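There are 2 protein chains.
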Amino acid sequence: MVEDDGVVAFPEAEGTRGEIMAATYEALRQHGYAALTVQDIADEFPKSKSLLYHHYDGKDDLLVDFLSYMLEQYEGQAESDRYPDARAELEAVLDRLFAPSFSEPMVERTRLMAELRAQAASDEAYREQVTRTDERFHERFTDIVARGVADGSFRDVDPDAVAAMVLTLVNGAMERRATTDAEFAGQVRAEVDAYLAARLYRDEV
Amino acid sequence: MVEDDGVVAFPEAEGTRGEIMAATYEALRQHGYAALTVQDIADEFPKSKSLLYHHYDGKDDLLVDFLSYMLEQYEGQAESDRYPDARAELEAVLDRLFAPSFSEPMVERTRLMAELRAQAASDEAYREQVTRTDERFHERFTDIVARGVADGSFRDVDPDAVAAMVLTLVNGAMERRATTDAEFAGQVRAEVDAYLAARLYRDEV
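Chains as they are written, first to last, in this note's numbering: chain A, 2 to 206; chain B, 2 to 206.
Be a bit skeptical, because a hint or two may be false.
Identical copies carry no separate label here, and so any pair may be met within one copy or between two of them.
Capping the alpha-carbon separation at 20 Å, the derived lysine to any residue pairs in SDA-like fashion look like this [to be verified]:
| hint | residue 1 | residue 2 |
| --- | --- | --- |
| 1 | Lys60 | Ala36 |
| 2 | Lys48 | His139 |
| 3 | Lys50 | Glu15 |
In short, the hints are calculated from the structure, not lab data.
Because the structure is a prediction, the values reported are computed rather than measured.
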């Protein structure tokens, strides 16, 4: 499922867990979170259904693992990407997340992920996983900023604080895309650039 | 339900709609979105249950009106607040939303609202209402920035773009509070201040 914009909506299934996760994605896509049953997922799973029931203790247990899987896939992708420097990496991430419009599969995925994340508001197992996902993104942004500071291309900021700002912006943008028809990505991206120019990039004083 | 921090978790019920909305809030608080039934709301409603079934076409119809009601309450509050100038108003809103910690009722309310907003990812009626809520917040921030530009205390920015940035930050912060245990509010507030100092406030060049 590679789109024109190069964004993979869902990775190729590998191994039993990968196949379960692909079945989960497809079932979520068709039924949405609220109506989803383990049977819907089993219906999309090519192997023995008992395998699925053996591994997971119900729908939410499976969906929390799905969130974990999506994070692992993201991290695998992020590690294999190569960028000339910290600024190019930051800009590439922002280009992707603040793209003026998303492809249909990315729209769908953004909405599904928002629905799953929201379960964390009332369910501790989701909350732990979403907190973990948030931490990993925070670490990635912190690492990017710290590298730019170390090589002198970024100002001497606290990488942790700038990472927290970028992550909050990214989460806000994803949430607004998932739950509203507002068109804001271009405007916000320009303001994010203004923030980074004033705060982070050394050659734009 | 006024807290130490002066934040009202839920307004005093006025009139039949107000009482229905108070019953909805209480039922949501007790049961969460997924398990909630119209009967749960009826159980919290002091008047005739038939009134409730007469006015609303099921749980989601009622909850979409609940979102609309929360917006009206917010707007009524915002209109009655008085600030010396645009900057004081912007800072007051940010102080409230980026407070290092929320009172228990505000934590609860933030989580409930996040769960309801997330329904907009898959339901058109929620999506229309959440989009409307988003627009009103956007208008309020645009109005604040435009006043500051007009009286010369803010730089000559596009109020619409700065409002979009602030709203995305606010939504990201509320979403992260609702779905994670991350502690980021203080850090992000400091970065928001750095953004506003560089981009908006004229006396901080």
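Verification of the hints:
For the identical chains of this complex, Lys60 and Ala36 are neighbours both inside a copy (11 Å) and across copies (15 Å), given an alpha-carbon limit of 20 Å. Taking the shortest alpha-carbon separations for Lys48 and His139, neither the intra-copy value of 37 Å nor the inter-copy value of 49 Å comes in at or below 20 Å. For a Cα distance limit of 20 Å, the shortest separation of Lys50 from Glu15 inside one copy, 17 Å, qualifies, whereas the shortest one across copies, 53 Å, does not.
Of the numbered hints given earlier, the model fails hint 2 alone.
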